[in-house]
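A.B. asks: Listed here are the chains, written in short residue letters.
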Amino acid sequence: MEAKFSKPTNRLAWRVGDKGLSRAEAVSQAEKNLKSISHAGLAVLDENLDQLECLFAAAQPRPETALQDMYATSNAIAGVAGVFDLANLGRAAYSLCDLLAGFETSGAFNASAVRAHLDALRVLRRLPPNARAEAGALLANLTQLVKHMEQLTGGPAN
Amino acid sequence: MIRLSDTTGSKLDLSNANVLIVGERASELDILAQMLMGFGVPRIQRCENSDEAIAIAGNDSFDLALVDAVLTPADGYSLVTTMRRQPQTFVRHMPIVLICGHVRRSDVVKARDCGANLVLRKPLSTQVLFNRIVLLARDQRQFVECDTYAGPDRRFQSFGPPVGMKGRRHDDLSAHLGRATEANLSQDAIDGFFSAKKASL
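Taken in sequence, the protein lines are chains X and G.
At position 61 of the first sequence (counting the first as 1) the number is 61 in my numbering, and the numbers step up by one without a gap.
Basically my numbering = 1-based index in the second sequence + 1000.
In case anyone wonders, no lab produced these hints; they're calculated from the structure.
In this text the structure is predicted, and so the values were computed from the model without any measurement.
A hint or two may mislead.
To be verified - Okay, derived cross-link-like pairs now, EDC-like style, lysine to aspartate or glutamate, Cα gap no bigger than 16 Å in a straight line:
1. X:Lys4 to G:Asp1147
2. X:Lys35 to G:Asp1030
3. X:Lys32 to G:Asp1139
4. G:Lys1011 to X:Glu25
5. G:Lys1011 to X:Asp18
6. X:Lys35 to X:Asp85
7. X:Lys7 to G:Asp1153
8. X:Lys7 to G:Asp1013
9. X:Lys32 to X:Asp85
10. X:Lys4 to G:Asp1030
11. X:Lys4 to G:Asp1153
12. X:Lys19 to G:Asp1030
13. X:Lys7 to G:Asp1030
14. G:Lys1110 to G:Asp1063
Working from the sequences, and respecting the hints, build out all of it.
C.D. replies: Structural data, given as structure tokens:
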């Protein structure tokens, strides 16, 4: 197998230097812009939290059938929550993704573990920003739960 | 070789940049667009599916593409791979940042091998995105094309071939040290580096 190497012009190269916006200026303006859409962003997050509940409820008594959709919704929450100062909510959603990906790989399912995550997401959405200890404890419990599930089902998700 | 520390103190001029953002969820595209507008990007093209993204990328020359891994009908990894095989060089060589949320282990290899210049994990922060664009602007990696891969050289740092082995690439540096080009430092000069001195402020 032969590899061809080339050195194309880096079309961003000339854009970095003495002209334009400094990091502080650019970041400050971008943060302001994000603030302007935070209301809409939080509304989408809440819709996704409701969607998770609906998916879980609608798939009863076999909630594992909604695994893919729940994973996608949880992934969406994990990707956005941190942008709107809800990093802990994002971490809990990420933990749910870990859990669901593990179930997908192993073929196992535990509805109680998913339920615990859904409840934690609701709590973290409403928790005041200064309740760091409570959020930390909740996230630590979720991490333990996911690890426990991995042990039961034979390792982390592939 | 580029280091993240190289991005400090840099200004970025994106005043006439043209950026393509691709993702399935409108709310996430809104976030990316707001960040980029804050950085001064005037032209942002949004795409919500991979087919449209390929078509649009072929019609215009973009300075940068931000591609979400979650996409339909092809996922973000496949879209980047497809872009790297396009006949137009302005598509093939376009700087592409792949943005991932939760990544399954099986997707880590896909992210590494799809041909993206950088992979970023969500949630994105404005600082991280700005730093990474500066990092891309300073990127001097070669572009590699072979049967199994097309994209920037995946090695960010080249330490040369393993000790005792001859490198396979023409630009591999030898681990063997050459002759000194300057006279050795005197003992006094060496001691000077270590001796404590009183600082006067």
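A.B. asks: If a hint holds in the structure, say so; if it does not, say that too.
C.D. replies: Against the structure, the hints come out as follows:
1. X:Lys4 to G:Asp1147: 10 Å, holds
2. X:Lys35 to G:Asp1030: Distance of about 12 Å is within 16 Å: holds.
3. X:Lys32 to G:Asp1139: At roughly 29 Å apart (the allowed maximum being 16 Å), aspartate 1139 (chain G) and lysine 32 (chain X) break the hint.
4. G:Lys1011 to X:Glu25: 9 Å, holds
5. G:Lys1011 to X:Asp18: 6 Å, holds
6. X:Lys35 to X:Asp85: Holds - the C-alpha atoms of aspartate 85 (chain X) and lysine 35 (chain X) are around 10 Å apart, at most 16 Å.
7. X:Lys7 to G:Asp1153: 10 Å, holds
8. X:Lys7 to G:Asp1013: 23 Å, violated
9. X:Lys32 to X:Asp85: 13 Å, holds
10. X:Lys4 to G:Asp1030: 38 Å, violated
11. X:Lys4 to G:Asp1153: Roughly 11 Å between the alpha carbons, so the hint for lysine 4 (chain X) and aspartate 1153 (chain G) holds.
12. X:Lys19 to G:Asp1030: Not OK: lysine 19 (chain X) and aspartate 1030 (chain G) at ~27 Å, beyond 16 Å, violated.
13. X:Lys7 to G:Asp1030: 33 Å, violated
14. G:Lys1110 to G:Asp1063: 24 Å, violated
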